[in-house]
Amino acid sequence: MNKNTVRLGKMVIAFAMAWNGGMIGGHGYAMADVTTDWHVLATADGRQITRADVLREIETSNPQAQADIERLSRDELRAVITDIAVRKRLLDGAQENTLLHKRVQRGDLRHRIEAYRDRLIAQAQLETIAAEQITDADIQKRYKTLEDDMKGKEEWRIRHILAQDEKTIKKARKALSKRPFEEVAQEFSTDKPTAEQGGDLGFVPVDQLKEPFAKAIARLAVGKPSKPFKTDLGWHIAKIEKKQPMQPAPLEAVRARIRQQLEIEAGRAHLKKITEGIEIKLRK
6 MNKNTVRLGK
16 MVIAFAMAWN
26 GGMIGGHGYA
36 MADVTTDWHV
46 LATADGRQIT
56 RADVLREIET
66 SNPQAQADIE
76 RLSRDELRAV
86 ITDIAVRKRL
96 LDGAQENTLL
106 HKRVQRGDLR
116 HRIEAYRDRL
126 IAQAQLETIA
136 AEQITDADIQ
146 KRYKTLEDDM
156 KGKEEWRIRH
166 ILAQDEKTIK
176 KARKALSKRP
186 FEEVAQEFST
196 DKPTAEQGGD
206 LGFVPVDQLK
216 EPFAKAIARL
226 AVGKPSKPFK
236 TDLGWHIAKI
246 EKKQPMQPAP
256 LEAVRARIRQ
266 QLEIEAGRAH
276 LKKITEGIEI
286 KLRK
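In our numbering, the protein residues as written are 6 to 289.
One or more of the hints may lead you astray.
[What the hints assert, rightly or not] Quick list of in silico lysine-lysine cross-link-like pairs, DSBU-like style, CA-CA up to 35 Å:
#1 Lys247 to Lys197
#2 Lys156 to Lys232
#3 Lys232 to Lys220
#4 Lys220 to Lys248
#5 Lys158 to Lys175
#6 Lys247 to Lys179
#7 Lys235 to Lys156
Since the hints were derived computationally from the structure, they do not count as laboratory data.
Kindly generate the complete structure, drawing on both the sequences and the hints.
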């Protein structure tokens, strides 16, 4: 095994550890009705940027990220599209750059390209091996486990306003006496992705709420804004809009995500098996 493959293994393990679920009870806000890879999301420099372009950019520029466009905020989507547009400009210039072509022919760039190709092929091999191990029975078993884990648990739909100082959060709290929570969140909250949605955090499993946020809203009546409270992120005002028992989404709606999680786990196990079987003898 060469050092490129070792780095790949570390990369894939990190990706597996970073995957954060949300497959059954999660609620996300879609940027658009994106149903096909060729759906045009934007134009940049007069070029059409499709869903496929954005997915490819996420997957290649940050292997640890989950390529899920529907969970990107508008600012995050704009940043990805900007990266695509910048690279396309550079590539346009590269076509006419004779010095660059000489570097490729000389070998210093070619070796880097070949090393990157090797990493991609190894990654694809790992993904293929993992995918072949997962059966429909595995998916149904995992779904049943997640379904059982939800029994007796609640989820709350929560809105919040985040400010960086006490003075601002007090202004927001005063504004709530005359204006809807959604409007005040849009004006005052520094949590921009949720501010665009009126401060909406979606439905959050109660047992996943962290202190001191959980304590601050534990006894809060539905529909009533909390008093300002402080966390490591800043100053908050929160409101519970609805409480309900946790309900799993239909299996077919989450099948793909369950399969993805199982494939990641299978890939991690396969990497562990390979790593444990490697004998390395360093020369003195």
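Each hint tested on the structure:
| no. | hint | result |
| --- | --- | --- |
| 1 | Lys247 to Lys197 | holds (22 Å) |
| 2 | Lys156 to Lys232 | holds (31 Å) |
| 3 | Lys232 to Lys220 | holds (12 Å) |
| 4 | Lys220 to Lys248 | holds (16 Å) |
| 5 | Lys158 to Lys175 | holds (33 Å) |
| 6 | Lys247 to Lys179 | holds (23 Å) |
| 7 | Lys235 to Lys156 | holds (32 Å) |
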